[in-house]
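Protein chains: 2
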Amino acid sequence: MCVFVQKAAVDRVLSAFRSICGEDCVSLGEAVREQHGKDESVHKCRPPDVVVFPRCVEEVSSLAKVCHDHNLPIIPFGTGTGLEGGVGAVKGGVCFSLRNMEQILDLHQEDFDVTVEPGVTRKTLNAYLRDTGLWFPVDPGADASLCGMAATSASGTNAVRYGTMRENVMNLEVVLSNGTVIHTAGKGRRPRKTSAGYNLTNLFVGSEGTLGIITKTTLRLYGIPESMVSAVCSFPSVQAAVDSTVQILQAGVPVARIEFLDDVMIDACNKFSSLSYPVTPTLFLEFHGSERSLEEQVATAEEITQSNEGSDFQWAQDAETRNRLWKARHDAWYAAQALRPGCKAYSTDVCVPLSRLPQIIVETKKDLLESRLTGPIAGHVGDGNFHCLMVVDPNDPDELHRVHLFTERLAR
Amino acid sequence: MCVFVQKAAVDRVLSAFRSICGEDCVSLGEAVREQHGKDESVHKCRPPDVVVFPRCVEEVSSLAKVCHDHNLPIIPFGTGTGLEGGVGAVKGGVCFSLRNMEQILDLHQEDFDVTVEPGVTRKTLNAYLRDTGLWFPVDPGADASLCGMAATSASGTNAVRYGTMRENVMNLEVVLSNGTVIHTAGKGRRPRKTSAGYNLTNLFVGSEGTLGIITKTTLRLYGIPESMVSAVCSFPSVQAAVDSTVQILQAGVPVARIEFLDDVMIDACNKFSSLSYPVTPTLFLEFHGSERSLEEQVATAEEITQSNEGSDFQWAQDAETRNRLWKARHDAWYAAQALRPGCKAYSTDVCVPLSRLPQIIVETKKDLLESRLTGPIAGHVGDGNFHCLMVVDPNDPDELHRVHLFTERLAR
Ligand SMILES: Cc1cc2nc3c(=O)[nH]c(=O)nc-3n(C[C@H](O)[C@H](O)[C@H](O)COP(=O)(O)OP(=O)(O)OC[C@H]3O[C@@H](n4cnc5c(N)ncnc54)[C@H](O)[C@@H]3O)c2cc1C
Ligand SMILES: Cc1cc2nc3c(=O)[nH]c(=O)nc-3n(C[C@H](O)[C@H](O)[C@H](O)COP(=O)(O)OP(=O)(O)OC[C@H]3O[C@@H](n4cnc5c(N)ncnc54)[C@H](O)[C@@H]3O)c2cc1C
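If you read the sequences in order, they're chains Z and H. In terms of the numbering used here, the numbers along the first sequence are unbroken and rise by one, the last being 412. In terms of the numbering used here, the numbers along the second sequence are unbroken and rise by one, the last being 412.
It is worth saying that the hints were derived from the structure and are not from the lab. Warning: the hint list may mix true and false statements.
A pair holds if it fits inside one copy or across any two, identical chains being indistinguishable in the list.
What the hints assert, rightly or not - Below are the DMTMM-like pairs computed for lysine to aspartate or glutamate, each with C-alpha atoms no more than 20 Å apart in a straight line:
(1) K187 <-> D349
(2) K365 <-> E58
(3) K187 <-> E408
(4) K327 <-> E23
(5) K7 <-> E370
(6) K327 <-> D263
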């Protein structure tokens, strides 16, 4: 083990770990370490030296203190769905796998908030909430842990309506590297608004595990809308699809989701998810609201898409058809990979002002073509955000080089 | 001057200031210093030793560097509308009055954003935007500088719909105490969403001038709604008014403003603003949207208020009547003061989960009565936030003592 220099020190640390959380909760097994050294991305597996499985904040704190005293890196692990390789133990160290902390605490229905531990995922929470009429809408596709979503400041297909984690985390319990436990908005507090002190909550949201281990997150909930409907609309050009998005937002339509897929991406989704949408730039849309407001939202949106030469809407009304549609969108990542079996996908994340989006997507597609690269594009266009999913043969150095040059140009 | 120990040092500093921004922009005059030592609150005037009036970020940076080198406190000054005494020079030092930096820069209509300097107030910006169909909705009542609003993380009557400064600042240019200029979201960037690096923007939002001087803020704009209508509704009890608020929010009505005023407060507003609303717990509401969505919002809200024994809505439809209504609400501060001429008002700011609000307001009113104190209550109830405006005779030590005990109880 790279950081455990002396055998005696290793034994001391491990026995300290075991005395804190028991034999079963400390693992040195290779399979377990491998499994905790990588996420869903193409990044190489960097296994930690040991994986611990604490069951409560006190254990997390005591374990962290041991690491701190022995100068060992700490890597928090949620559900490993990240796309940035954040869980890799690049300097070895101790992975804190938090899946055993799975309580849902303090549901306040009338205040629209709930507190969850790091083992609770988005879907688990929503299943738990089903009968309350409430839900937590932030949806990055993956069934990630909510604390991991807070750590990565996750966004998702409906950020345009409900915001990202940044807008929806009200408080965090965090164990700092030396074992100190803090509550970013004050212990037991779940304020909508706060004006006292620095905004620590949002410093920890998006800190990717570098500032501490999130052991609880208090989240803002929403009423489940009376009605929902999804629609698919095909366009003759990228410009037409993006212009429609901008105009729909400018018209103040409170659209819940509006996602762009380019021709390559929709083709990949058709194949992967057995769909049959026309292979042209496409928008997936979703509307939430009362029956009446839905009618109005849809009418305005249709008027705008048609003025941009969009096709008639293809509807997805019932929950099953809607789920199938959005599952296809969320599986875009795997659909892209399936375009070239044996290849690995990795995602670039570009965020630009809305007005520059059409031009940048068009230029990016031209660049991909010229660089002979496979890069389907999907975007949360409502946020000016798109991903170009690079599908790369990891054994082709020339291709890797072209990808490298391409992503450098894209970042500029 | 308390901090300028030696005459020679004083002269050196002042001449450095003058060479940076010219004779006219450095003031030692007593009136100017007095004016910059206090805000709208009851806090005692604490004049700075000198006031500088920089005209651009370069001047702010150079002046800050001189202060840094001579260990002088820096106090940024926006429009002095704060209610917390934040501009008081408690240790002397140099007040940076930013009113000469009044450019509105980089309006991007299609991206819904704009960048402003610290001399630009909320009303100036909205006047500038009038013909674009866009507006900046955050409205704390006072015509404060937008950078000062960012510095204090200002909220306001329509936070329930549009959020506070925290949700609406996209980037800040900040001069740190040693003169370094940073851009919290990256230079020239105005992302809707950002996932790279720590969330510095929101660390500076609400930092009250303690981390640096905000010299530019990039703000998110909104389309002006097609229709707006305001309404006033009287209730038999605090509970009924607050319950209505909770139910309106739970029903998902996207109400733009919903403000609670207790009987003492509405009485004060009636007197101060020549109105004649019934002297009982009251809600002021406002709805924004298309004609149709407005109808639906109003219908749902009325159904709820009536089921809580609220009165019929008194409407304010045209812009003038609406402005009069909200001006009365925003003047609540002065109305409270006018209840007892010669007295000073100061505000307590309480934020609790919605479900606890009725009980806490009822208990607070009882406590006020028992403590023989004047404390009308107004609240952004949609956020679980209320202010008890204490009106106090500053020359009555016994009353001051009772206020002190009361606010301690309230904080608990
Ligand atoms: C198919 C797919 C599509 C996706 N689409 C999107 C998208 O559209 N938008 C988007 O924003 N994201 C997207 N993601 C990424 C997603 O947001 C992350 O996977 C998720 O937020 C990470 O949660 P996790 O629990 O799996 O974290 P992990 O992968 O376990 O960890 C991610 C990082 O957070 C840290 N971390 C995890 N838990 C904690 C904790 N409790 N305390 C402190 N640090 C912690 C880790 O150390 C690591 O650095 C997508 C992922 C997949 C697989
Ligand atoms: C009648 C009335 C009603 C109000 N109601 C509300 C309300 O409902 N909700 C609410 O949130 N607020 C309310 N306020 C307070 C309001 O939010 C503040 O007055 C405003 O945000 C401060 O802006 P300013 O430019 O006047 O700042 P100032 O009063 O000049 O300064 C306030 C603080 O911010 C710092 N500061 C100012 N400018 C900068 C800068 N450019 N860079 C760094 N630091 C700076 C100062 O040093 C000081 O600490 C109300 C005020 C009044 C008078």
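Evaluated hints:
With identical chains, the CA atoms of K187 and D349 are at most 20 Å apart between copies only, with a shortest distance of 18 Å across copies and 35 Å within one. With identical chains, the CA atoms of K365 and E58 are never at most 20 Å apart, being 51 Å at best within one copy and 41 Å at best between copies. Taking the closest pair of Cα atoms, K187 and E408 come within 20 Å of each other only across two copies (19 Å); inside a single copy the shortest separation is 44 Å, beyond that limit. Taking identical chains as interchangeable, the C-alpha atoms of K327 and E23 are never at most 20 Å apart, the minima being 40 Å within one chain and 66 Å between chains.
Taking the shortest Cα distances, K7 and E370 never come within 20 Å of each other, neither inside one copy (55 Å) nor across copies (70 Å). For a Cα distance limit of 20 Å, the shortest separation of K327 from D263 inside one copy, 18 Å, qualifies, whereas the shortest one across copies, 53 Å, does not.
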